[in-house]
Amino acid sequence: MTQPTYRVSHLDALEAESIFVMREVVAEFERPALLFSGGKDSIVMLRLAEKAFAPARIPFPVMHVDTGHNFPEVLQYRDRRVAQLGLNLVVASVPEAIESGTVREPADGTRNRIQTPVLLAAQEKYRFDALFGGARRDEEKARAKERVFSFRDDFGQWDPKNQRPELWSLYNGRHQPGESIRVFPLSNWTELDIWRYIERERIELPSIYYAHDRDVVVRDGMLYAVNEYLKARDGEEIVTKRVRYRTVGDASLTAAVESDADTVQKVIAEVAATRLTERGATRGDDRVSEASMEDRKREGYF
Amino acid sequence: MTAPAPVADDSRTVDLLRFATAGSVDDGKSTLIGRLLYDTKSLFTDQLEAVEAVSAARGDEYTNLALLTDGLRAEREQGITIDVAYRYFSTPRRKFIIADTPGHIQYTRNMVTGASTADLALILVDARKGLVEQSRRHAFLCSLLRVPHLVLCVNKMDLVDWDQQVYERIADEFTSFAAKLDAPDLSVIPISALHGDNIVTRSEKTPWYDGPSLLHHLERVHIASDRNLVDVRFPVQYVIRPQSTTVTDYRGYAGQVASGVLKPGDDVMVLPSGMTSKIASIDTADGPVAQAFPPMSVTVRLEDEIDISRGDMICRPHNRPSPAQDIEAMICWMDETRPLTVGGKYAIKHTTRTARAVVRGLQYQIDVNTLHRNEGATELRLNEIGRVRLRTTVPLLADEYRRNRTTGGFILIDETTNRTVGAGIIREAS
Numbered sequence: 001m002t003q004p005t006y007r008v009s010h011l012d013a014l015e016a017e018s019i020f021v022m023r024e025v026v027a028e029f030e031r032p033a034l035l036f037s038g039g040k041d042s043i044v045m046l047r048l049a050e051k052a053f054a055p056a057r058i059p060f061p062v063m064h065v066d067t068g069h070n071f072p073e074v075l076q077y078r079d080r081r082v083a084q085l086g087l088n089l090v091v092a093s094v095p096e097a098i099e100s101g102t103v104r105e106p107a108d109g110t111r112n113r114i115q116t117p118v119l120l121a122a123q124e125k126y127r128f129d130a131l132f133g134g135a136r137r138d139e140e141k142a143r144a145k146e147r148v149f150s151f152r153d154d155f156g157q158w159d160p161k162n163q164r165p166e167l168w169s170l171y172n173g174r175h176q177p178g179e180s181i182r183v184f185p186l187s188n189w190t191e192l193d194i195w196r197y198i199e200r201e202r203i204e205l206p207s208i209y210y211a212h213d214r215d216v217v218v219r220d221g222m223l224y225a226v227n228e229y230l231k232a233r234d235g236e237e238i239v240t241k242r243v244r245y246r247t248v249g250d251a252s253l254t255a256a257v258e259s260d261a262d263t264v265q266k267v268i269a270e271v272a273a274t275r276l277t278e279r280g281a282t283r284g285d286d287r288v289s290e291a292s293m294e295d296r297k298r299e300g301y302f
Numbered sequence: 001m002t003a004p005a006p007v008a009d010d011s012r013t014v015d016l017l018r019f020a021t022a023g024s025v026d027d028g029k030s031t032l033i034g035r036l037l038y039d040t041k042s043l044f045t046d047q048l049e050a051v052e053a054v055s056a057a058r059g060d061e062y063t064n065l066a067l068l069t070d071g072l073r074a075e076r077e078q079g080i081t082i083d084v085a086y087r088y089f090s091t092p093r094r095k096f097i098i099a100d101t102p103g104h105i106q107y108t109r110n111m112v113t114g115a116s117t118a119d120l121a122l123i124l125v126d127a128r129k130g131l132v133e134q135s136r137r138h139a140f141l142c143s144l145l146r147v148p149h150l151v152l153c154v155n156k157m158d159l160v161d162w163d164q165q166v167y168e169r170i171a172d173e174f175t176s177f178a179a180k181l182d183a184p185d186l187s188v189i190p191i192s193a194l195h196g197d198n199i200v201t202r203s204e205k206t207p208w209y210d211g212p213s214l215l216h217h218l219e220r221v222h223i224a225s226d227r228n229l230v231d232v233r234f235p236v237q238y239v240i241r242p243q244s245t246t247v248t249d250y251r252g253y254a255g256q257v258a259s260g261v262l263k264p265g266d267d268v269m270v271l272p273s274g275m276t277s278k279i280a281s282i283d284t285a286d287g288p289v290a291q292a293f294p295p296m297s298v299t300v301r302l303e304d305e306i307d308i309s310r311g312d313m314i315c316r317p318h319n320r321p322s323p324a325q326d327i328e329a330m331i332c333w334m335d336e337t338r339p340l341t342v343g344g345k346y347a348i349k350h351t352t353r354t355a356r357a358v359v360r361g362l363q364y365q366i367d368v369n370t371l372h373r374n375e376g377a378t379e380l381r382l383n384e385i386g387r388v389r390l391r392t393t394v395p396l397l398a399d400e401y402r403r404n405r406t407t408g409g410f411i412l413i414d415e416t417t418n419r420t421v422g423a424g425i426i427r428e429a430s
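Line by line, the protein sequences give chains B and D. The first sequence maps to residues 1 to 302 in the UniProt record's numbering. The second sequence maps to residues 1 to 430 in the UniProt record's numbering.
Quick caveat, the hints were computed from the structure, so don't treat them as lab data. Fair warning: there could be bad hints in the mix.
[Claimed, not checked] Below are the DSS-like pairs computed for lysine-lysine, each with C-alpha atoms no more than 25 Å apart in a straight line:
1) D:Lys129 / D:Lys41
2) D:Lys41 / D:Lys205
3) B:Lys51 / D:Lys263
4) D:Lys41 / B:Lys266
5) D:Lys129 / D:Lys180
6) D:Lys263 / D:Lys278
Since we're looking at a predicted model, the values are computed, not measured.
The following block holds chain B by itself, in its conformation from the complex:
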């Protein structure tokens, strides 16, 4: 007989914490939902949700805030995964909101900022009182200050100076009608943890996360794919490069990185060695100002 070791690896510890958080939400809220973009973080959240409630099904719907600027591979993945798990999918559509006049398309054609009112309108329509988000504290300095249970007023606003203290694992989800809680089960995970977990759990991802050839233009030092949402501007040369995506967002704002990493192991090696954060490398929306993430979170973005 070998001695029991009671060993807990860091991935096991993170998984156990995330599962605990998800169960707390389902136990204490009336109508939770999970924000699902088809990106790696929300994909990992779905896996954790599967584990938290097995052998029962995931007991809440998923919501995609759809800017209409999608990578087709990601939409296909979304629909396949939702069907596999037998989930309800709620689509909060930015194009429909533009059509109906509830939001106006910004002059530059990017839809990141107008995602927020569409998200909030869908939350109100379906009366979701808790929304799981895949945000991680390692992503960005404003997110480093975020609670696991993040209180939002009835305008969906985050007030960073007025956050509830969060002690031990005693989460306070109380709120008035109209108010809600954003819940971040992956708060303590890093990009590398996410990839190691994807490897360990053998989780399938949309193919754009792995190296492939794509037509891109170089803009502001970043590589943007040329597609129906993003055209080359005058003087920009279209080149074919071997790239992959570190984050998946609005196709008009999300840049690729040059990479030969076509397997999860190669991606892990690359992520471990990189000197750029994933947002710094690939997200045009974070470059607007020093505090653009904080400002968007204050408005109700997750």
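Starting from the structure of chain B, add chain D where the hints point.
Okay, now just chain D, sitting in the frame of chain B:
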């Protein structure tokens, strides 16, 4: 910086250490964190460039590493840390979560927040100034919250010419102060965060110091036995009952093991009902497991059909918490709008159980700088700590906090504002 970041090469064996940083405002906390991140290659080029650009634009004479951790507009405007920020780095031996807590006294509640889950706390002092109120206050808070390991970092040693006597005077003073506290493990390290001495490697400037570098200590401090593996406590979080044609008659009790080791076949008792049964199996999505221990999240099935719901606790028949409605606790008050007063009623959240509580008495308020007990106190205001007696509407399945950080802690919630207003540490339950 072209060398690849050192990464944990085996994610199955690398463990996790959570630590909180404490210390007064100008003791170099942000510099130390910046240094740890930089020297472990955990600082990214774009983060550093952003900080350099902001520093230059503000006319700072040197790159202000505090901007790395002070992420909010208001913090940058005022140049102070308001709220806890969490930072992450790793070495081949361990992953680290830093709770970077504010130094100012008006944010004591955030220090308490960061320390509540910490395995270890770093307390910084400026070698030129020695111990100040803030050092004592933070040491006291760490002992109150039973942070198992304390490390006193005597910083800015370069500014006192690496004088061994200065270091020893501070170390002695702190050690004798800590003797009055409940600090199980204390280390003292002379450092210069700015220059990186004794941070990652031992410094040549301290030939008289024979201890480890800070990172060496963080990597090797033994935390596995800080967990309580003796007293079985499994607060039931959620009952899993699939409504399914393929899985029938499944009834599992989901939760995270607070302490102890559970195994199939173990005799168990369910509180508060006192019903007994045996563990039939311990399930996870990856299949059944032979044992469960903290901090595993699992699903327990019992051999007998017993009525069990969220808020109940599975334990061993001969080792169980006593269901108690009269609670003696230290409370750290966290609400700026209304103080805690005798007669005040609050919601109380303890493990997975929520009830209501009334404050029956306030024995004393403690001065966190002198440890003096003010027995004439009639209320606890923001950031004040005192000993109170509570009566709860339903029994809490409570242990003394010093034996169990999970079943010994609770929060108080104001039922009109829904804000978390107090953190409680149970001293006695009856």
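Against the structure, the hints come out as follows:
1. Taking the CA atoms of Lys129 (chain D) and Lys41 (chain D), the gap is about 31 Å. The hint is violated against a cut of 25 Å.
2. Restraint check for Lys41 (chain D) and Lys205 (chain D): the C-alpha separation of about 24 Å stays at or below 25 Å, so the hint holds.
3. Note on Lys51 (chain B) and Lys263 (chain D): the hinted pairing holds, with a Cα-Cα distance of about 20 Å set against a maximum of 25 Å.
4. Simply put, Lys41 (chain D) and Lys266 (chain B) have alpha-carbon atoms about 20 Å apart, close enough for the 25 Å limit, and the pair holds.
5. A C-alpha spacing of about 22 Å is found between Lys129 (chain D) and Lys180 (chain D), which places the hinted pair at or below 25 Å, so the restraint holds.
6. Note on Lys263 (chain D) and Lys278 (chain D): the hinted pairing holds, with a Cα-Cα distance of about 9 Å set against a maximum of 25 Å.
Checked against the numbered hints given earlier, the structure breaks only hint 1 and satisfies all the rest.
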